[in-house]
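Enquirer: Make the full structure from the sequences, and use the hints.
Quick note, the sequence shown lines up with residues 1 to 720 if you use our numbering.
Please keep in mind that the hints were generated in silico from the structure rather than gathered at the bench. Virtual Cβ for every residue (Gly too), placed ideally from N, Cα, C. Do not take every clue at face value.
Within a straight-line C-alpha distance of at most 30 Å, the following computed DSSO-like cross-link-like pairs (lysine-lysine) qualify [to be verified]: (1) Lys552 - Lys487; (2) Lys573 - Lys480; (3) Lys705 - Lys638.
Restraint-style ranges between C-beta atoms, simulated for each label pair [what the hints assert, rightly or not]: (4) Tyr643 - Gly112: 32 to 42 Å; (5) Ala314 - Thr144: 28 to 38 Å; (6) Arg37 - Tyr643: 23 to 33 Å; (7) Trp543 - Gly614: 45 to 55 Å; (8) Tyr643 - Thr287: 45 to 55 Å; (9) Thr375 - Trp543: 24 to 34 Å.
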Amino acid sequence: MKAQPRMFRLSTVFLAAISTCGAASAEESDAYTELTRPASTISAGAGYWSNARPHQGMYDGMRNKGAYGGLDFNLVQRDDEKGDWLLLRSTNLFLDTREMRVDYLRQGRGGGFFEYVRTPYDNPYTINTPLQGIGSNRVTMGTTLGASPSREVELGTVRELFRLGGFRSLVPGLEFKVDFKNEDKTGTRMTGWGSAPQFSSETIDSTIRQLDTILQYTGGNLQLSGGYAGSWYDNRNTQTLQTLSGVSGGTSASFASVTPLSQPLSNQAHQVFMNGGYGFGPTTRATFKLSYSQATQDERIPSYDLTGANAPYAHAPSHLDGKVFTTLAQLGLTSRPTSKLTLTGSLRYYDVNDQTPLAGYVGNSSTGVASVYNTPYSYTKNTGKLEANYRLPLSLSLTGGVDYSGQQRSTPVAGTVYVPFRETLNEITYRTELRRSMGENIAGSLAYFYSERDGSNYSAADGTSPYSNQINPIHISDRKRNKWRAKLDWDALEQLTLQFRVDHISDDYPQGDRFYGASSGSGQVYAVDASYAINDNWNLSSWYARDASGTKASGFREASGGGANAVRETDLKERGDSFGFNLNARLAQKIDTSFGFDLFNNTSRFDQTLNLSGTGTTYPTGVSGPLPDVTSKLMRFKLISRYTLDRSSAIRLDLIYERWQSNDWSWTLADGSDFSYASGTQTCTGCSTTSPNLIDGTTITQKDKQTSAFIGIHYIYTFR
1 MKAQPRMFRL STVFLAAIST CGAASAEESD AYTELTRPAS TISAGAGYWS
51 NARPHQGMYD GMRNKGAYGG LDFNLVQRDD EKGDWLLLRS TNLFLDTREM
101 RVDYLRQGRG GGFFEYVRTP YDNPYTINTP LQGIGSNRVT MGTTLGASPS
151 REVELGTVRE LFRLGGFRSL VPGLEFKVDF KNEDKTGTRM TGWGSAPQFS
201 SETIDSTIRQ LDTILQYTGG NLQLSGGYAG SWYDNRNTQT LQTLSGVSGG
251 TSASFASVTP LSQPLSNQAH QVFMNGGYGF GPTTRATFKL SYSQATQDER
301 IPSYDLTGAN APYAHAPSHL DGKVFTTLAQ LGLTSRPTSK LTLTGSLRYY
351 DVNDQTPLAG YVGNSSTGVA SVYNTPYSYT KNTGKLEANY RLPLSLSLTG
401 GVDYSGQQRS TPVAGTVYVP FRETLNEITY RTELRRSMGE NIAGSLAYFY
451 SERDGSNYSA ADGTSPYSNQ INPIHISDRK RNKWRAKLDW DALEQLTLQF
501 RVDHISDDYP QGDRFYGASS GSGQVYAVDA SYAINDNWNL SSWYARDASG
551 TKASGFREAS GGGANAVRET DLKERGDSFG FNLNARLAQK IDTSFGFDLF
601 NNTSRFDQTL NLSGTGTTYP TGVSGPLPDV TSKLMRFKLI SRYTLDRSSA
651 IRLDLIYERW QSNDWSWTLA DGSDFSYASG TQTCTGCSTT SPNLIDGTTI
701 TQKDKQTSAF IGIHYIYTFR
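Expert: Given below as C-alpha cells:
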C-alpha cells in the first residue's frame, strides 16, 4: 500500500565484482551477505481511510472512504553455480496502483525483464448531470421531448503499461538492448460541445506502443551506440457524436441534433540514431549525436463521412496526410589544456520539416472558397555553447560561458492570420559563476546569467480584430532576462548539515508600438534544507521552500453588454510555500519510528485594472470583478512505527492525517453559487423542433475542505 521506489537493474559488472570478492572480515560479513545474497521480503496488511479524499486520492487508488488491502514483495533467488539471478517484486498488489516486475540476469551474458504498471486517475469533482451514454461514442442530452434524470457520475482514466525488454553481451565490449512498451489508456473525461454551452464527455480508448533497440560498443577510447526507436499511437475512438433527445435534423453546424466531437487520430513515428564519444588522451574528449525521424498521420478524418449540417466542405481532403521529418546533428568537445583550465564547446543543428499538404478544411461548398486552412509549421534551430572553467587561488573556481540560439521559422501562407508571426528568432546568453570552498565544511557559489532575444519584423496579421497587429506574443517577443543564483552547503557541526539556495529572475519585454501582451515577468526561489543527527538513534531533517512568479500584461477588451472599451492591465502572481520535517528515532531496541509533517500553501492572484475609453460601464451587465484570489492548502501528519518480532519478522503501523482545502472558484458563479450548464430554449435551425427546450443543468462541485485519517498495519517477513 505504500509507494516504494523501483529497484535498479543488477549489472553484469556488479555481479562479476561480488562473485570474485575474497573472504570478508567479521565486521564486513553482513554487508557482504547483503550484496551476494540479498534478503527477500513479503509485506501484507490492510488499512482504512476515515473519509473520502477526492483531491489527494486522484492518483493513489484510494479516493473513497473505506478499507484497502496491501501486498508487497521483493523476492530474490541466486544460482551460485551458474551466476544466475531471478528477481520478482511487486508493490500495491491489491490497489489500483499495482506494479510488478520480473528480472532474469545471467552473469556476463545478459538478461531480460517483464514489467506491469497500472496508473489510475480519478476526476476529483462531483459531477451531477442528465447526460446519457457516458462511456460510449454517442452521448445524448435530454430535452422536454425526452427528459433524462440527473445523477452523480464518476469520471476517470486508467493507464496499464506492459513492458518487456532485455540485453545481451555479444562479444566483449558489444551489447545489444531491446525495450518494448505497450500502454493502454481507457476511461472517460469531461468536455463540452464546443459550439454550445453544454456538458459532454469523451470516451478514452487508445494504445501507445514504443520500441527501442540499441547496439552499444565500448572499447578503449571509443564509445558508440546506435539504434532504432519507434512509436505508434492507436486511438480506437476518434469521434464522439453528441445528440439531442427527441430532436432530428438541423442545417447549422454550430447547433444541430447531432454535433461531432473529434479526438486525436492515430499516428506513428520512426527514428534512427547514433551517439558516440572518443577520448583523445586523458584531457580531451569529443562527442556526437545524429538522428533522423519521420512522423506520419494519415488516418481518415472521421467527420468526413457525416451528412447534413455536419457535412464537410466540398473541397476538403478526407485525410490530413501529415508528414513531419526531423534531423538532429550535434558535436561536443571538452578539453583540459592545463591543470587549472577546462574548456567545453558544442554545436547543435535541429531541423523540423513539416511536409503536410496545405489544404482548406472549412469553407463554402457552393462557391468553393475555403475560410479555414491547416498550418504546416517548419523551423530550423542552430545552437552553440562555449564554456571555460578556471581554478583560481584561495580555492576559487571561475566559470564563464556564452550560449547562442538562432531559429528560422515558417509563417502561414494561406487563410486568415489572427496573430503576428516572426520568420527569425535569435537569443544569446552570457553566464558566469564563481565557486569557492571555504575549508572542509563550507562551499558556495554565485552565478549570473544575462540573455537577449530578438528577431525579424513581424508578419502582418489580417484578422478581423483591428488590434491583431498590436499583439506582442510572449513566446517570440523581444526579451531581456537577468538571472541570479546563489548556493551554500555548510556542515555547521559534525551532526548538522545546512543547504541554502536562492534564485531570482526578471524578464523585460520591450513593447515598442505593440501595446498588448506581456511587459515584464519575474520569478524567485528560496530554499533551505537541514539535517541533524541528534545521536546514533535519532535523526531530524527539515526543509522550507518558497517559489514565486509573476507576469504583468495588457490587453484590449471590446465593448459588450454595457461595458465600455477598455485597456486591461493584469498583474498575475503565483506564490507557493512548503515546509516539512521528518524525525527518525529508535525508541527501543526493537522499535523504529518515523514522524513526518508536511505543509503546502499556494496562492494565485489576478489583480486587474481597467482603463475605460468611450461610453459604458466598467463591467458588462451581470459581471463583477476583479477575480478573487485562489488559495489552496495541504497539511499532512504521518507516523510510521516498526516493531521487530524476531530476525525474520516485524509489524509496521501507519497513521496518517491530512487536510486539504481550497477556495477555487473555477466552477462557481460570482455570487458563490454553483455554475450550471445552460438549460432552456435553444435555436436549432432546420431541426424537427426548431426551439428545443434543453434540460442540462449539469453542475461540477467539490468540497472546499477535505479531511481524512488513515490507519494501517502490515506484517513483514524477511528471509534468504
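Enquirer: Which numbered hints does this structure break?
Expert: 9
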